[in-house]
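So you can see what is in the structure, the chains are spelled out below.
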Amino acid sequence: MEKIGLVPCFVITFALATLFQATTIWQLVVIAGFIGGALAKDFITATLTGILAFLASWLLLFWLLDLVAPASIALAFSFFSLFFMIGIVLTIVLGLASTLVGYFVVAIYDERKSKRTNS
Amino acid sequence: VRTLGFSFQQRLNPTTVRSFSHLLIEYGRERKVKKQLTGLVIAGVIVVAFLAPFSGLYNPSSLLGLSNPISGVWSSVFTGSYSANQTITIPGMEHNATVIIDNYGVPHIFTQSEADLAYIMGYLHAHDRLFQMDLQRRLVEGTLSEVLGNATYSVDVLYRTLGLYRGASKVIDVLTNISQGKPISYYPQLDVSLVKDDAANVLALAQDYCNGVNAAIKWMESVNGLPVEFKLLGYTPQPWTIQNVFEMDRLITWGLTGGFDDLNLFMVEQGLVAKYGTTNGTNYLLELFPIDSKIDHFIIPDGVNSSYQVPPSDPSSDQVTLPTSMNVTGLSNILSWIDQTNPLIAPIRGLVGSNDWVVGGNLTTTGEPIVCNDPHLQLSTPPVWYEVQYVTKLANGDTINARGVSLPGIGFIILGANQYVGWGFTNVGADQIDFYYYNWNSAGQYLYKGVWTNVQEVNEPIVIKTDSGTQTVTLKLNFTVHGPLIQYGNQKFAMCWMGERYGSTEAIAIYLYTHAKNAREFLKDTYYWQMPPQNTVFGDIYGNFGYRAAGWYVNRTFPNGQMAINISNPLSALTNRLPINGSSNNVVEWNVTHWIDANQAPTLWDPSAGYVVTANNRITNKSYAYIYDIGWEWADYYRSYRIAYDINQTIKLKGKISPEDMMAIQNDVFDVPASVFVPQLITALTGHASSDAQAALNILQGWNYTMLPDLAAPLIFTQWLPIFQNMTFADEFIDINKTVPGFSITTDQLNTLVSSIPTSSLEYLVLFEPNNHWFHNVLGANNENATIIMRESFEKTIQVMKAEFGSNMSQWKFGAVHTLQINHQILSMFDYPHLSAPGYDNVIDAINSAGNGGPSMREILNLKDLNQSYNILPGGQSGSPFSVHYDDQLTMWLNGQYKQFSFPPTSALVTNRENVLYFVPG
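Protein chains in written order, with my numbering: chain A, 22 to 140; chain D, 358 to 1279.
Hints should not be assumed to be uniformly reliable.
Said to hold, decoys possible - So the derived label-pair ranges between C-beta atoms look like this:
| hint | chain 1 | residue 1 | chain 2 | residue 2 | range |
| --- | --- | --- | --- | --- | --- |
| 1 | A | Ala43 | D | Thr593 | 15 to 23 angstroms |
| 2 | A | Lys136 | D | Phe377 | 15 to 23 angstroms |
| 3 | D | Glu1271 | A | Lys62 | 48 to 56 angstroms |
| 4 | A | Thr44 | D | Ser1185 | 29 to 37 angstroms |
| 5 | D | Gln1225 | A | Asp87 | 22 to 30 angstroms |
| 6 | D | Ser1185 | A | Asp87 | 20 to 28 angstroms |
| 7 | D | Pro1262 | A | Asp87 | 33 to 41 angstroms |
| 8 | D | Asn1165 | A | Leu103 | 37 to 45 angstroms |
| 9 | A | Asp87 | D | Asn1005 | 50 to 58 angstroms |
| 10 | A | Ile109 | D | Lys575 | 29 to 37 angstroms |
Claimed, not checked - Just some of the chain D residues that point at chain A, by a computed CB distance under 7 angstroms:
| hint | residue |
| --- | --- |
| 11 | Leu397 |
| 12 | Phe407 |
| 13 | Ser1185 |
| 14 | Met1186 |
| 15 | Pro1190 |
Bear in mind the hints are in silico, worked out from the structure with no lab data behind them. If you're wondering where the values come from, they're calculated on a predicted model, not measured in any experiment. Ideal Cβ placement from N, Cα and C applies to all residues, glycine included.
Make a model of the complete structure from these sequences and hints.
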């Protein structure tokens, strides 16, 4: 599989995560993380992709919410600012974990494949 | 190296080196794979933890689900408000319809049929108030524990016992029978043929309304936009049904006619009789809770014909039946249990009363009647009422243009006006509930009419939410011939409440009210208002106005058919105030073959006084023969007296009274009890006050008796009066508690008891019997009088206040204590702000002492030009905390301001538009 660097990996993961969020079945975002991790050229790339792409995806969606209904969102933030922070932390954790799952699965597969080739 | 099986002793030849390199690579690869596997497992576990369907709020899955921007709590933000130019499809609607949402979130609905109107009302109620509706449904049905857990189990037990939902089923039965032309066995006076079609329409519209509610639920679920409370509690609402519509009816009926005051009064009576004997004990009881208050102000003044004269053929008994004595410890336990089950969410309860009045055109600046109403209920977030205006065509080609407030869950305007008639309600406080006690044998049978009778048992499962899922408990309900048994330990009373026992037809009345074309028609329609009885004032655009204590009242009779309550024998009025001996051979029971129906209720038509004022006060003196039958829990005269005074003063000063004057009256904060007690207090303390008390007295001397937040005087007065009441009345009951075997009431019950004694009873004793025995401290010198108790209580009050509010009296402020406590049903984060509030319990602007009850709306209907009418809600239209209409009227309401209450006949004429919604048939 073709491995890619941080920027393209981030873009793909970010786009997929945002798309899956929009389906309202938020659990699907782990697929975005998995794909991003699988494509990452190395561990650092996978890690940064998981953190940044998911964070950016959430921030983008919140920004869009704020654009659509600024007064209501401001009211909502007055009640749920702590919830917002918890959500950010959790999405980073989920993003990181799902990306690393993808990364490690591919890495292990590559190792096995390489072993078979060498032997 | 050792691990790999090499030793330094081995000779390093090329083959060995190759093998060694290979092994090192292998080793490195294995280690890498091991690390990768470890990483994979850890990351995988985290991912699974997020995806696993854990229950409960505090786990990553739930937290992330709730906090994510699209489907979490944030998505409720959008369904909490309407989108601009939104098109909404509802299956079953007949025609396209338009709804304009104005800048206060009030919908103006324009439809081609009443059926479409019902659909849209249902949709809008659910859109703006779904959680409020669902929680009230759960309260009525006793299913709160299913979503709130064990904390509400006892609430569920209580409400299932009360059986509001059983009453709702009976309403449906009654309406169904009427719609089929079948007579109602327990309402033989009701000529069902007159309202056969109306009953059918009511049922059909109720179903349309439910369909509208369910369309909104379906839409909100489809966009993950259920109200945030559902998400936080982790459940989704069931579809709304006709049963639920009438459960809401029963909830408000319980709030206005239910309760356990008979049992509370019984406890007082039992203590007094045990301590002082039957004669003195009963007399003492009547000093506290008089059958005919010696200071009063009636809705229908003496000498005014109340329209209905009791037929001379009505046989009344001169017997008096008092309960037998019993061990009241069990009674005390029952009442404690009921107190403790005060629901976490507030049912609709008439806490302090209500005001409504109508002034005829001869006395108004407009030349036509002005109807004013501010019903006082438990204040809640969101408010009890949902405001709406609609214009709809009827099948006969007529058009209705109505505006008013509706109850979420019920699809009709309850209070308001159409283009011809305006109306308002206050609660009559009618007695439609009795409690029965029995002799029991060891087999668990009760004695009824000489026969040992088995109780009827019904088992009901209650589902309780637990940490690990749910648990089901079976509740056994027992019934006697008189109703469900309220039991705690060995003490049992059967509750005979009209709302549980019988169906009713007020839905027909409400339906007809909005169709009335003049006051005469409206008055005729009040016949179908059975419960909860309401002091209904009304006026029309033709200048007619009037009043009726609309309701059907209980006729209590002995087995020989004689009425148990007799106007010429006041003591007979204790029959419906105290529990009834259900095992007596002469048992008093409800005679359902002849009710005191609404056409026999006190009524006024264009009264000569030029106005009618009601404020939950007593309706008439003894000129109306059924006054004792109707009820006994009249509010003190203070509010009604003050309203009448304000009206008279305004007319005296200005000649005529205007809608703006009505606003001032609705927001009048003059405290009549203060104007009575403070001069007495000053007289009692002059020359006998300590320096602190004198300083406080100086503040009271300069006071104009207005209950304003910035003043110290109302704080001093409201702190003193309960202490004075307590020092006057509590000592006798503390003594009874100590000396009467089996009498054991808690401190809370004692405080409740003392505070429930009408202030007017104390007023009478202070003014006219200052040496009455109640002022004697039976635990002290036992020779005190009113003056001494006033002095002692005031000195004590000032010391308590200094400890609580500091020594600097210039810093004392009424508003520091009297604050709004309008709280969300389950989440404190959504409470309205706890603002300092004017008003008080016996004030026209009756924001109560606890700050959680008061004017649930204020409305002024100008029958000359309905577009120049006004109203205000204590909060806002929306139940969504994320909506700008969640509390946008709160400050206006608090400050006595109003918003325009207009009746635009077409959608094009609606001003101050916020959104337009287009409803189309699906």
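Structure versus earlier hints, numbers of those that do not hold, lowest first: 5, 13, 15
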